[in-house]
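Student: Please build the complex by placing chain B on the supplied structure of chain A, with the hints as guidance.
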Amino acid sequence: MVKQILQRIHDLCLVLGVLFVSTPAFAVAETAAADPGGGKPWWFWPIVLLVFCFILGIVAVLAGVGGGVLYVPLVSAFFPFHLDFVRGAGLFVALAGALAAGPGLLKRNLANLRLALPVALIASTCAIFGAFLGLALPVNIVQICLGAVILFIAVLLATSKNVERPTVTKQDAIGKAFGMSGVYREETTGEAVEWKTHRTLLGFFMFIIIGVAAGMFGLGAGWANVPVLNLLMGAPLKISVATSKFLLSITDTSAAWIYLNKGAVIPLIAIPSIIGLMLGSFVGVRILAKAKPKIIRYIVIAVLFFAGLKALLKGLGH
Amino acid sequence: MTTAEKNVKASAEQIRYANILFYGAWSGIALMIITYLIYVLGILPPHIPLHEVPNYWGMAADQYLHEADIGRGWAWAGMLGKGDFLNFLGIAFLGVLTIIGYLTLIPAYIKKKDTAYAIVAILEVLVLLSAASGFLGSGGH
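In the order they appear, the protein sequences are chains A and B. Under this note's numbering, think of the first position of the first sequence as 1, with each following residue one higher. Under this note's numbering, think of the first position of the second sequence as 1001, with each following residue one higher.
It cannot be assumed that every hint is accurate.
Stated by the list, open to error - With a Cα cut of at most 25 Å, we get these calculated PhoX-like pairs of lysine-lysine: (1) A:Lys107 to B:Lys1112; (2) A:Lys107 to B:Lys1082; (3) A:Lys107 to B:Lys1111; (4) A:Lys196 to B:Lys1082.
These are computed hints drawn from the structure, not numbers from a lab.
So that you can see chain A by itself, here it is in the shape it has in the complex:
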């Protein structure tokens, strides 16, 4: 009974947190159009960003999405920073998260090098093109595309039904040639689960698109990696989620360097974002162990719809 009440309080706090983070920045951002600092001292925005990203980190873990996919649309919508710097910081946010999560996933053989390396090569190469494209196109075009992609992600999150263990009756020739198979320990049952991929060529093709999108929008790409690895290529869900997280450390590295070399990284923005999101993720993981607030996922989907629409309208000049 007490546990249930505590869980309800937890859930309520989190819901309020989401609503809270969306409002103060929003209110000041409206005035920021005329003054790039919104009439606030220089330290105001980095502190708000740190707190915002801390809460975002908690929410992202509870909703089962990457930090980058929430960071770029929300920060670009509610903070007075140019989209270039938001995307640059977004890539480093996703990169830092992937680098910190990668070791544990690799050691438990959930993130698998044999699955990750070939697709990472494709995605990271294409992320470079995406980054150049994103930095070369007019900002309103990027905003419109970003809005459309965010709306698509929201639909994907709302409708995608991942499969725990897809059935792969026969591995295709490319998957076999690359040895894209493995075994992992299912911790709930102690069982050793063998897996292999199929439709590998189509999967490779999808990673061209994923790479371009990751570089162009600085979103990270877990939202796309997981369905492609799981639903298309037939990797078990646990392998797909873990390998996707690890993949981001490679895909985002190439795009992040392009943004860094093009001057699209301002430390005053990037570092509070990275630290805030990482701290929030740690807290989120601890909360997740105690509660599974499904409502957070629905709120995140709603927030993404809102942020996507806002980006779309901003790009259209409204």
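Tutor: Leaving out everything else, chain B in the frame of chain A:
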């Protein structure tokens, strides 16, 4: 013990890669926190005074570099004596970790005579080095 049971453990090269990421990521994050404090506490004077940064963050990256008189590519490496650019040490460190990890994979795959993955790893290093070099697209804008 079945073959599946034997293969459930991560390969040696995967464990080595994981260890590089583990120590590297946390060192990089610690470095970022230290350099950020040096920057915001004014211990090292920045290239752009802190109170002027809001005048730049609303600009496109291109315009920001021009207005703030900052070079492209690795120009930041020559400005590490400035508080703001010192922060790029930690940021860039995160960017080289994957390259270091891959460099350990190449000899491991060659030793295992796993030619396909050795080639994939070499190509990945080349891709990441090209991105990091700053040479790509340097003639643009």
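Student: Does each hint hold? Answer for all of them.
Tutor: Going through the hints against the structure:
1. A:Lys107 to B:Lys1112: Holds, at about 20 Å.
2. A:Lys107 to B:Lys1082: violated (39 Å)
3. A:Lys107 to B:Lys1111: Holds - the C-alpha atoms of Lys1111 of chain B and Lys107 of chain A are around 21 Å apart, at most 25 Å.
4. A:Lys196 to B:Lys1082: violated (51 Å)
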